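Going line by line, the protein sequences match chains A and B.
Heads up: the first sequence runs through residues 948 to 1296, numbered per my numbering.
Heads up: the second sequence runs through residues 124 to 249, numbered per my numbering.
Note that these hints are calculated values from the structure, not bench results.
As the structure is a computational prediction, the values presented were derived from the model and not from experiment.
Each residue gets a CB set at the ideal place from its N, CA and C atoms; glycine is no exception.
Wrong hints could be hidden among the right ones.
[Said to hold, decoys possible] BS3-like, lysine-lysine: derived pairs with alpha carbons at most 30 Å apart:
no., chain 1, residue 1, chain 2, residue 2
1, B, Lys172, A, Lys1278
2, A, Lys1011, B, Lys222
3, B, Lys216, A, Lys1288
4, B, Lys216, A, Lys1278
5, A, Lys1196, A, Lys1172
[Said to hold, decoys possible] Which chain A residues stay away from chain B? Per the calculated CB distances, all over 10 Å, these:
no., residue
6, Glu1139
7, Gly1148
8, Leu1198
9, Ser1202
10, Lys1237
11, Pro1270
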Amino acid sequence: MIAGIIGYGAYVPRYRIKAEEIAAVWGEEPDRIISGLNIKEKSVPATDEDTVTLAVEAARNALKHSGIDPKEIGALYVGSESHPYAVKPTASIVAEAIGATPNLTAADLEFACKAGTAAIQMCMGLVASGMVKYGMAIGADTSQGRPGDALEYSASAGAAAYIIGKKKEEAIAEIIDTYSFTTDTPDFWRREGADFPQHGGRFTGEPAYFKHVISASKGMMEKTKMKPEEFDYAVFHQPNGKFPLQAGKMLGFSSKQLERGLLTPIIGNTYSAASPLGLANVLDEAKPNKKILLTSFGSGAGSDSFVIRTTDLIDKKRKGITPLMDYVNDKQYLSYGLYVKHRRKLKSM
Amino acid sequence: MWRRIPERYRMAGSLCENCRQNFFPRRTFCPICRRKGKIVDKQMSGKGKVFAYSLVTAPPVGYEGEIPYILAIIELDEGPKVTAQIVDCKCDKLEIGTKVKSAFRRITEDGDEGIIYYGFKFKLDK
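Make the full structure from the sequences, and use the hints.
Right, here's the structure in full:
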């Protein structure tokens, strides 16, 4: 074990828009979109929510679950591609809101959809070296898709926070090991000051998502000498509802292993929060001594893979959890018009 | 504004150890005990109940995009009353005494390029 998960928290905004509502506006065939992307609906933030507010809600749930004093958090990182400020950290606002200031290091990270898992790795290093007692790693996003673009069906909002520590006796899950795979692959990007991202269409699949997710997952399993059938759960980054199922199949995982960690069909792609939220949903139900493979993916491109094993403490600390499904099931649907208002997609707003 | 961040972000309040009265926002001096008072920090739980509420349809500048919204007086479990919005909720779900808990939200911003002000609002405590 390199480090352990001491507590975790999730948050998904209350608003949803159905894929068929978006498809009707752009003249697309709803069934083709829903079956093609395997996305039925996605989460939409309230008009007064952004990456900072989502991150704070997830961080507070993680603190409540862990039971630690926020002053003991020595490092706090927020991974996101939708930080509200270009300059001024999300992390300092979150640290202040949870009462972790002033004696900690904090910074914002960006690596498309994988900055949340990069934050987990940074915290692992800091706690394992003894530089800090606890680190908090957050993946949070309120991602945007250009109106009419395929991304509009998937780009959604959510946050997941993990408190990482060193002591095995405090951990609800051990992080056995981690492995990363990174290359310069221009599959998806957003230039400074641009409102919406651009992507390489079909290029985002095979040379980007699959190459990195498969390589990192294989590398992780080789490093730990584990086989797909030894895992109880596998969570992959989920830009749509299809890619993770395909990646799982290519690696030799069954759909049963993937089921619990796949949320995109019902909340969309929460970007930096996507695979961390998948893990949170697994931890919400996992019994002790269950093995989990987690592999993120961020365009640009890279994947971080983790082998995680739950401990006996997971059952004992279950009471402190605010289950992710409480947020997922408490929803209110928006029309496309209200969605445009929520996401400030009109230039005059 | 930034001097009030502990109150706005995490509802940091005060307690007078002499008369056991809680205060929010924070105070440096107990208005009841005066010189006999002993003020210490006290964290509010963020939980409370609706004391009064109103549906705002004619908003002040900066809140035009949010109407109709609910503005309420919340009586905190610790005693103090605060004025704040109730979000993710419609009036038909509210009564005097409905339990609420704090949520962290954007309050307002200085235009597209200025500072964003964050703080507490409330939502139903289910």
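Earlier hints that do not hold, by number: none
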